[in-house]
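Asks: If you want the building blocks of each chain, they are given just below.
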Amino acid sequence: MIWYIELVITILVIICGIAAITVRDLLGAAILFGAYSFMMCLLWAIMGAVDVAFTEASVGAGVSTVLFVAAVFRTSRRTKD
Amino acid sequence: MKIIGFIIVLLCGGLLAYATSDFPYWGDPASPASMHVSAYYIENAVADTSVPNIVTAVLADYRGYDTMFETAVIFSAAIACFFLLRIFTPESSQSKLYRHIPTGITLRIAPGGKLPEKSDTFERIDSSWVPHDLIIKTACRLFIPFIQIFGLYVIAHGHHSPGGGFQGGVILGASIILFAVSNDLRSTISRMGEKITAFLCSAGVFIYAGTGALCILLGANFLDYGALASLMGVDPVSARSHGILIVEIGVGITVMAVMVSLYYILSSGGQLDEGL
Amino acid sequence: MHDLILAIMSKYNYWIYIVLLMIGLYAMMVKKNLVKKIIGMNILQTAIILFYISVSAKKDGTLPIIIHGPHAGHHPVRAADYINPLPHVLMLTAIVVAVATLGVALALAIKVYQQYGTLDEDEIHTRIRK
Amino acid sequence: MSQQFPALIIIVPLLAAFFIFTVSWINRKLCFPIAVLSLAISLVSAMGLLGMVLSNGPVEYRMGGWPPPWGIPYYVDYLNALVLVVVYAVALINLLACRQSVRREFPDKIGSFFTLYVLFVTGLGGMVVTGDAFNLYVLLEIASLTGYALIGMGKGDAALSSLNYIFMGTIGASFYLLGIGYLYLVTGSLNIADIASILPGVYDSKVVLVAFIFCITGLFLKMAFFPLHGWLPNAYTNAPSAAISLIAPLTTKVMIYVMIRIVLYLFTPSFSFGALHVGSVLVWLSAGAIVMGSLLALGQKSLKRMLAYIIVAEVGYMTGGLWLGNTEGITGAILHLVNDAAMTLCVFLAAGTLMFKIKPSVAGELQLDDLAGSFTKMPYTMAAFVMGALSIIGVPPFCGFFSKWYLLSGAVTAGHYEFLAALLFSSLVNVVLFFRIIEIGYYGKPGHRAESGHSIAHMDEAPLDMLIPLLLVAAGLLAMGFYTDDIVTHVIRFAIPAGIV
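Chains as they are written, first to last, in my numbering: chain G, 1 to 81; chain V, 82 to 357; chain S, 358 to 487; chain U, 488 to 988.
Take the hints with a grain of salt, since some may be wrong.
[What the hints assert, rightly or not] Across the chosen pairs, the derived CB separations fall in these ranges: (1) G/25 / U/955: 53 to 59 Å; (2) S/416 / U/976: 29 to 35 Å; (3) G/3 / V/86: 32 to 38 Å; (4) V/276 / S/416: 51 to 57 Å; (5) V/314 / S/416: 41 to 47 Å; (6) S/479 / U/932: 40 to 46 Å.
Keep in mind that the hints were calculated from the coordinates and are not lab data. No experiment lies behind these values; they were computed from the predicted model shown. The beta carbon of each residue, even a glycine, is placed where N, CA and C say it ideally should be.
Construct the complete structure from the given sequences, taking the supplied hints into account.
Replies: Structure (C-alpha cells):
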C-alpha cells in the first residue's frame, strides 16, 4: 500500500465531500458528488476491496450521478444555502 | 438550528472517537474480525463451491438469502418510484415542439393541438432540445454494443474475477441510459418499452427466488444449490457453482431493468414523455 | 507524546470514516435544501461502508480471490494472507440499499417540487401554512 | 411439508409480490386475490409454526443448508412465533378491509400498491424470524423503503413528510448498521446467538458499549421513541388510509420486538441490565414519552394526528416495560406489543372507514367535529371505534387492561413509581380524548354545522366488506382479553430468558 497515494486520495475524498455540501449550485453539487463517489471507489480499490470498488464505481459514481442530474433537471438548480 | 446540529454531530463524533481507542490495530491478521467466520470462508470457499472469487461465493451461496433480499430491495425501489411519480393521464399543459425535417424549422404547437405522430416530414423534439449533434449520437451508437458485451462479460465472469450480478446489471442499464441521454427518451422507450422493463424487473427476482424454491421442491432447504445436482447431473460442488451463476444472471437482469425504469421515471417526472 | 502519534497513525483509517460520518450527519441536519440533504444522507451511508472496508483490511494480505488453475501449485490456503471477504459482501448490499434509498428520495423530492415549486424547506413551510 | 414452514412464510409472499406486479400489467383484477391468497398461506404457516414451537420447542431453519455462524439461520422461538402470527393476522385483516378505498384513491396503480403492500409484510415477517443481525438490517430496509413509498402517496404534504421520514429512518438504520459493525469488529460473527456467546469475553471493552448505544439509538429513531419521534405525526396523518392502517399497527411494534430481541438475546440480560446502569434512565425517559405523547394528543384537532400521538405514548409503555428489567415488566411489554397491534389496527381501521364515508371539512384531515352525529349515521363503525377506545384506555374485559396491569405491577416491584404515575396519567388522558369523540359523535347534531349539508341523520353505513374485518378485530380485542392468561402462561413465560430476576 503506497501510503502517500492513499493520503492524497483521502484528502481529496474529504474535500469533495465538503464541497458537494457547500457549493450553491445543485448541478455542481451533483457532479462533485460523482467525483466524491469515484474517489471513494479509488480508496477502496487501494484497500483491496475490488468487488466493492467496482460496484461503487458503476453504481455510486455512475448511476447515482445520472439520477441526481435527472432530478436536478426536473427540479431547480438554484439553492439558497 | 445550525449550532444544535453542530453540537449533536460533535457529540456523535466524540463518542465514535472514544470507542476507537479500543479498536484492534488497523490491518493486523489476528484481529477478531478476521479470525472466526471469515477464516472458514477463505479456507473452504473453493472446496465447497469451486468458485475462486470468495466474495461471489459468500455473496451468492453462504449468505445467498441476504442477496435475494437485496435484489428485492432494488426491486421495491423501482416499484416505489413507479407508484410515487408515474402519471398515466397525458398532462397537455406544456406546448410541444416539432421540427420540419426538410427545412429544419421548429414549430411550437399550443397545448391540445397535435401533429400526426408517425408523419415523416415532422419529428417531435424535446422542449429543452440541443442543436442537432451528429457526433455524440453516432459516437454513442458505436460505444453501446461494446458496453453491453462488457456488461455480459462481467456478469458471466463473476466467479473468477471481481464482478457479478450487480456490477454487470448496472453496466447493461448504463448502456441503455447512455442511449437515452444521447438520443431522446421517446426513441429509447420505443426500443425498450415500460412493459418490457417491468416484466424484466420481476423476471430476474423470480429467477432468484424460483431457484431457491426449486431447491425446496428437490428436498433440501431453501437456496441450497447442492440439491440441484440431481437436476443438472453434476456433483453437488459444481452444482453450487452453476446455481451461483443462475442466480447472478437473475440479479443482473433485475438490476438492469431497475436502473432503466428508475431513469425513465426520474428524468421524465413520471410522464415518460420528455426526458433529460 | 510518541505513543499518542503511533496510536493515531496506527488507526488513521478510522478517523477518516468518523470525519465523513460527521460531514454527512451535519449536512442532513442543517442544510435546508432537500437535494443537499439527500447528498448528506448518501455521504453518511458511504462513510459507514468505509468503516466496514477498513475493518476488513489485513497487512500484506492479497485480494480475496484464490489463484487456481493448472499452474497454481496445490498448497493449502492460509487465511492470514487473504483479505477478509465478509465485509465486502455486506457492503455490496449496503451500496445497493443506498442507491435504492437515493432513488425513492429523489422521486419524493421531484413530487414535492411539483407540489410546491421549491426545494427549500423554509419556503415550503410558509406555503403549507398559507 | 411442515418442516418447511419457516421458509414458506417468507417465500410465498415474496414470489406473490413479483407475480402481482407482472399480472398488474395484464389484468388488474387478479392482483387483489393473489395478495389475499399469499398472505392467507403465510398466516396459516405462521400459526402452524406457533403450534410446532409450542409442542416441541424452538425451531431452527438453515438457509442454504449451511450451519449457523457461516450461513443465515432462522431462529423461531416463543417470542417471535407469537409476533409473527400477529403481523400476518393484522396484514391479512387490513388487506381485506382496504380494497374499496384503494380502488378509490389509486384507480390506475392498484398493482403496484398491492406489490408494495405484500413486500412490506414480507420485510416485517422476515425481520421477526431471522437469526442474523445483518440480514435483519436488509429486511429492515425493505420494510422501510416500501413504507416510505406507501406513505408518500397520501394527500396534502404527504410527500414532504415521507421525505422527512426517509431522512430520520435512514439515520436510524445506518446507526443500527454501525452498531452491528462495531459488534462484528470485536466478535467476528454476525449471527445473534453466536455473538451472544462470544460477547461475555469482551463486555468491558468500550467498543461493545458504543455498539450498544448506537444500536439502541438507531432503533429508538425507527420506533419514534419520544425525543426522536419528529417524523411520525406528519407521516401518519397524511398517508392514504389504506396504507396507514397497515403501517401504524406494525412498524413501531416490530421495531420494539427487535429491541427486545437485541436487549434480551444479543446483549444478554446480564449486560443490558447488570453491567450498564442505563435501565432506570430509560424508564424515566419512557415515562416522559408517555406523558408528552398523551399531552400532545390532547391538543389535536384532527382525528388521525391525535391517534398518531397516542402511538408515540404507547411506544413509551413498551420501552418502559422492557427496561424495568423484571419478569412482570417484560411480560407486560410483550403482551402490550401484541395487544397494541390489535388495538391500533381497530382504531385506525375505524378512522379509515369514517374518512371513507364522511367528507372532511378541512381538506384531507378528518376533524373531530366532522364526526358530529356519526353514531346515528354509522353505528357499527362507531361501535367498533368505541371498543378500540375502551381497550386503549384499559377497561377490564378488553385486552388493553391486562397488559397495562402487568406493566403497573412490574413498575411497583421495580420501584419505578414515576412510570406508574405516567401510566395512570396517560390512561386518564385517554379517557378524556376518546370520550370527547364519543360525546361529539353521540350528542352532536349532524345538521348543526350548516355548511356540512347533511339532511336528517339516516343510517348510511360503510360498505359491508369494510365493516366485517373491523367488527372482527373489535371482537378479537375481547377474545384476546379473555385468553390473556393462556397467552401469558403458554407462550410469553417461555419467551423471557433465564437471566431476568
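Asks: Evaluate each hint against the coordinates.
Replies: So, going through the hints one by one against the coordinates:
Taken as a hint, the range 53 to 59 Å holds for the pair residue 25 of chain G and residue 955 of chain U, whose Cβ atoms sit roughly 57 Å apart. A beta carbon spacing of about 56 Å between residue 416 of chain S and residue 976 of chain U contradicts the range 29 to 35 Å that was offered as a hint. Distance hint for residue 3 of chain G and residue 86 of chain V: a CB-CB separation of about 34 Å, consistent with the stated range 32 to 38 Å. Roughly 53 Å separates the CB atoms of residue 276 of chain V and residue 416 of chain S, a value that falls within the hinted 51 to 57 Å.
Evaluation of the 41 to 47 Å hint for residue 314 of chain V and residue 416 of chain S yields a pass: the beta carbon distance comes to about 45 Å. Between residue 479 of chain S and residue 932 of chain U the Cβ separation comes to about 43 Å, which falls inside the hinted range of 40 to 46 Å.
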